[in-house]
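Number of protein chains: 2
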Amino acid sequence: MKIVDKINANIKEGKTFFSFEYFPPRTEEGVENLFERLDRMVAYGPTFCDITWGAGGSTADVTLGIATKMQNLFGVETMMHLTCTNMPVEALDNALAEVRKAGLQNILALRGDPPKGQEEFTKIEGGFGNALDLVKYIREKHGDYFGIGVAGYPEAHPDFIVDDEAQMKKNYWDSLAYLKEKIDAGGDFIITQLFYRVERFLQFVEDCRSIGITCPILPGIMPIMTYGGFKRMTTFCKTDVPPAITDALEAIKDNDEAVKALGITLGAEMCKQLLDAGVPGLHMYTLNLERSAVGILEAVGVLDTSKVPRTLPWRQVPATRPGETVRPIFWSNRPKAYLHRTLDWDSFPSGRWGNSRSPAYGTLSDYQFMRRHTSSDKRKDAARAAWGAELAGPEDVADVFVRYCKGEITMLPWAELEGLHSETSLIKEQLLALNAAGYLTINSQPALNGLPSSDPQFGWGGPGGYVYQKAYVEFFCAPEKLQPLLDKLDTAAAVTYIAVNAQGDVRSNMKEESVNAVTWGVFPGREIEQPTVVDPVSFMVWKDEAFDLWGSEWGTLYEEGSSSRKVLADIAAHWWLVSVVDNDHVKGNLFEVFGL
Amino acid sequence: MKIVDKINANIKEGKTFFSFEYFPPRTEEGVENLFERLDRMVAYGPTFCDITWGAGGSTADVTLGIATKMQNLFGVETMMHLTCTNMPVEALDNALAEVRKAGLQNILALRGDPPKGQEEFTKIEGGFGNALDLVKYIREKHGDYFGIGVAGYPEAHPDFIVDDEAQMKKNYWDSLAYLKEKIDAGGDFIITQLFYRVERFLQFVEDCRSIGITCPILPGIMPIMTYGGFKRMTTFCKTDVPPAITDALEAIKDNDEAVKALGITLGAEMCKQLLDAGVPGLHMYTLNLERSAVGILEAVGVLDTSKVPRTLPWRQVPATRPGETVRPIFWSNRPKAYLHRTLDWDSFPSGRWGNSRSPAYGTLSDYQFMRRHTSSDKRKDAARAAWGAELAGPEDVADVFVRYCKGEITMLPWAELEGLHSETSLIKEQLLALNAAGYLTINSQPALNGLPSSDPQFGWGGPGGYVYQKAYVEFFCAPEKLQPLLDKLDTAAAVTYIAVNAQGDVRSNMKEESVNAVTWGVFPGREIEQPTVVDPVSFMVWKDEAFDLWGSEWGTLYEEGSSSRKVLADIAAHWWLVSVVDNDHVKGNLFEVFGL
Chain A
1 MKIVDKINAN
11 IKEGKTFFSF
21 EYFPPRTEEG
31 VENLFERLDR
41 MVAYGPTFCD
51 ITWGAGGSTA
61 DVTLGIATKM
71 QNLFGVETMM
81 HLTCTNMPVE
91 ALDNALAEVR
101 KAGLQNILAL
111 RGDPPKGQEE
121 FTKIEGGFGN
131 ALDLVKYIRE
141 KHGDYFGIGV
151 AGYPEAHPDF
161 IVDDEAQMKK
171 NYWDSLAYLK
181 EKIDAGGDFI
191 ITQLFYRVER
201 FLQFVEDCRS
211 IGITCPILPG
221 IMPIMTYGGF
231 KRMTTFCKTD
241 VPPAITDALE
251 AIKDNDEAVK
261 ALGITLGAEM
271 CKQLLDAGVP
281 GLHMYTLNLE
291 RSAVGILEAV
301 GVLDTSKVPR
311 TLPWRQVPAT
321 RPGETVRPIF
331 WSNRPKAYLH
341 RTLDWDSFPS
351 GRWGNSRSPA
361 YGTLSDYQFM
371 RRHTSSDKRK
381 DAARAAWGAE
391 LAGPEDVADV
401 FVRYCKGEIT
411 MLPWAELEGL
421 HSETSLIKEQ
431 LLALNAAGYL
441 TINSQPALNG
451 LPSSDPQFGW
461 GGPGGYVYQK
471 AYVEFFCAPE
481 KLQPLLDKLD
491 TAAAVTYIAV
501 NAQGDVRSNM
511 KEESVNAVTW
521 GVFPGREIEQ
531 PTVVDPVSFM
541 VWKDEAFDLW
551 GSEWGTLYEE
561 GSSSRKVLAD
571 IAAHWWLVSV
581 VDNDHVKGNL
591 FEVFGL
Chain B
1 MKIVDKINAN
11 IKEGKTFFSF
21 EYFPPRTEEG
31 VENLFERLDR
41 MVAYGPTFCD
51 ITWGAGGSTA
61 DVTLGIATKM
71 QNLFGVETMM
81 HLTCTNMPVE
91 ALDNALAEVR
101 KAGLQNILAL
111 RGDPPKGQEE
121 FTKIEGGFGN
131 ALDLVKYIRE
141 KHGDYFGIGV
151 AGYPEAHPDF
161 IVDDEAQMKK
171 NYWDSLAYLK
181 EKIDAGGDFI
191 ITQLFYRVER
201 FLQFVEDCRS
211 IGITCPILPG
221 IMPIMTYGGF
231 KRMTTFCKTD
241 VPPAITDALE
251 AIKDNDEAVK
261 ALGITLGAEM
271 CKQLLDAGVP
281 GLHMYTLNLE
291 RSAVGILEAV
301 GVLDTSKVPR
311 TLPWRQVPAT
321 RPGETVRPIF
331 WSNRPKAYLH
341 RTLDWDSFPS
351 GRWGNSRSPA
361 YGTLSDYQFM
371 RRHTSSDKRK
381 DAARAAWGAE
391 LAGPEDVADV
401 FVRYCKGEIT
411 MLPWAELEGL
421 HSETSLIKEQ
431 LLALNAAGYL
441 TINSQPALNG
451 LPSSDPQFGW
461 GGPGGYVYQK
471 AYVEFFCAPE
481 KLQPLLDKLD
491 TAAAVTYIAV
501 NAQGDVRSNM
511 KEESVNAVTW
521 GVFPGREIEQ
531 PTVVDPVSFM
541 VWKDEAFDLW
551 GSEWGTLYEE
561 GSSSRKVLAD
571 IAAHWWLVSV
581 VDNDHVKGNL
591 FEVFGL
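Sequence order for the protein chains is A and B.
Quick note: the first sequence uses UniProt numbering, first residue 1, plus one each step.
Quick note: the second sequence uses UniProt numbering, first residue 1, plus one each step.
Please note: incorrect hints may appear among the correct ones.
Identical copies carry no separate label here, and so any pair may be met within one copy or between two of them.
As the list claims (entries may be wrong) - Lysine-lysine pairs mimicking DSS-like chemistry, simulated, CA-CA at most 25 angstroms apart: (1) K587 / K231; (2) K587 / K566; (3) K378 / K566; (4) K101 / K481; (5) K260 / K378; (6) K170 / K481; (7) K15 / K136; (8) K12 / K170; (9) K428 / K481; (10) K238 / K170; (11) K6 / K170; (12) K2 / K231.
Honestly, the hints are just simulated from the structure, not real lab data.
All figures in this text were calculated on a predicted structure; none of them were measured in a lab.
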């Protein structure tokens, strides 16, 4: 969807919106960190996110890769920056084609900074010399397909900021006229350069309107995060900084925490003035960090991290998976692995799982998602600290699960994100007891009997509804524990289960084609929504992934042939993976069956 | 589905089953009565019902028509009898083709009785002389398509019942050999002639098994209902009646009620012995009456009318509408009209309404269903008694609705069956108040918040589940009442409504494409089922039917140009039909909005 349409919809609804800008990290580690941050920040509901192109297109591939994942795996409307720097037409064509293929529909068209080591921007052979030509070219080649953002400069472009007041005034109006040309050529909306004088931005908007620029103009907000960074950036951009800010910063410049805190305070003051003046939304330059940008938005009341709205219990990816409203529970702690394995699906399950799903799960070939916690030496060290430098036997393994439940460690191979899902808080004690008893849990949810859909922890789906869950738990257990457990489960009327080992031997009281809705919601004027299901078919796909992670993630921490590896390999080869649903969401007590 | 497959499935599950046999009534009135009875009796869950062909095929068209409706409108697996009497091959071909076209898959192949006025059966030119040839012919022409039942005679066919004991023995074994031929030729199962000696039936089964007949054999149970009828039938069939039965009957032969009661007692004794001896199911000759057949089944514990299982809140028609699991609420008191208007649909909504429905409702051309209560002079008299010989104004009309709510009258034009739906019992007082206040209700349901699916009144869907409802009410109201009501509805957070008049003016707070699930159920190991919905699209179709019934049903009671007709026409022309859902099934109180 075009960002300008989302912006205009927000304006029409009178809803103050915000957006986050990121840059491509230089290391793989940095990219992973960015993804973790994105995962949280996207949940806050930005209208869009954008990712810069990197000076001179040096990080083109990284930018493209991140933009694609932002759009498709994190499910946020994504805008990729594109600059003329070092970009011959063929390279531009390629980039636009790739972006389009990846389902992105938004480009921020920029001239770009000079390549590293150069002082001045120069047009390359077979390339473009300014953003205007780039906008024209995109419109010429791709018609109306792309939404195009362009940059606006409340203090004129730094190249044209001079001391001569008369000349400066001319330069300013020239830059406005040029901005109008970019809009007339097909630009949809404007994001401004950073600024620290609100009155300058408001004057800029007024001046834009006076020459007939009518599109949305978003203020670019750069939170002050470090003294050094602030100095470099404002010098580079020739930003006019009010002496009050400079003075306040100078006084605390050696105290990083104080600078950050001041940055949030100053940023919030600026944003409040902007919003009071009628600015419809805020574009945050995050510098890939969460705290300052989110802190400012929270301070001005645009964002409440304690009330992040959820349309479904899991995050939708509306851009590329429109209408997807149901997923199996098995991947709920590995949503990106699920997205990855179903990227090739032509259509996504909508409303119900049984009738419309494609059973063709793809393989999980992407290393990065497969080995979430051990994909670098640094991560391996952290994982080893959490999961043990050596494993003497299954007891040591069980101990890891117990410590995970206690919150003493925050990662497990079967969860992409760190820490227990907040949903499990209601059953934390039971999970702890379960793991201590040797049932090593990797997924669970408590029963819910009609909580308001506005519940801060469990609510989803919009106002006025009720949400429900059947209790679920999924765990590995040793073969000798299986039969006694199944005997108990068989006597529990409301319990359905599937147990499977790595060889694919199955013990179950469910029909193979059955689909069990374990999360559902009742809303005003709508059909019943049932976004999470348990189904044996998907479980049989998931179990391969689940068993594989013993070796492919955890096992890689240890030397080949080590006894620790053997411990894990034995478990993977002989233990069972068991999925249990208590179907009585009103009076059931799943953990009673285990004697807990 | 073939009946033998249903029988075998029951046998495999160890579930004692039953079936009902009917004959084609001679009058239109009789057909309507049969349909009302069928409507109740099909709900008891017979494995199949069958309808006889009538002596000499005299009622062929009636039989065909009834069989088609039994299968498609009442949703019971139906077997049509077909006899050789007076049936040339072309007539048989036509009948089989029609039956097949109507979706029936089961035939009881009989030789048939001699035509009226003849003593002996004679084969007609170009026809068949016995059931064996008929079975062969059906298999030859239709291969494996039809399930074929055949008749068995525990006392030999009456034509071969003679006094000479040796000859009788030979005749008996001849008739068994002939029965085996019918099975070998393609008969799937056997229904026996009526009998009153259980040991005779059991011997018959044993003898059948001894000569290699392995298919299911159902005892045909003819309850004694009247003394005269019993005498006629047993004489005609040369049935061997134990003297104890004859004596008992003779003693009370002038007391019809006592005969019926004795018939149930005797029938129950017989059936108990049969079941104790391992008979898998009971075939009841109902003679188109309910009490005796159902009474016997209840007495032996095969049927509990107080616990009629419902797979959905409305009765499914699995044979021709496989997988149909959702319907709009509007026709819930006129299910046959709904079936009728959607007979041409290629596929039926399954699981959800919004995605899969065909919006193409057919017209309601079938007079019989359109004018349910006024389709004959006799019915008109009854309707006039209920709805008033004269209507002075809307107050008289409202009074009819009030008396309907009070149970003083049992029919309304907007309900096919007589009496208020039992579901409304929870809100009877509120409905009464609503109608007294001039909101003339034609459909409603109370809110339910998780009743066990085994609830005798509201339960459906099988064991171990919970059922839910949103409160619903639909009514006509005078135009001057509309705006004050809508003002109230607009302030009630959880209420959605659509109001429409005959001209199609709409007042609503629902999106046109919205679909609101108002009945749903949560079951072990299954997706959430949501069998009843409220949707504006169907409502706009329904409203034409609802407004039309003022004139086309009620109005026909009065002279053209009469003031009573004018009262009804005025209401139809100016009043509004309003559909209201309280979306809060947990804490809502729909009737509060009305000040009730």
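Could you tell me which of the hints above the structure violates, numbers in ascending order? 1, 2, 4, 5, 6, 7, 8, 11, 12
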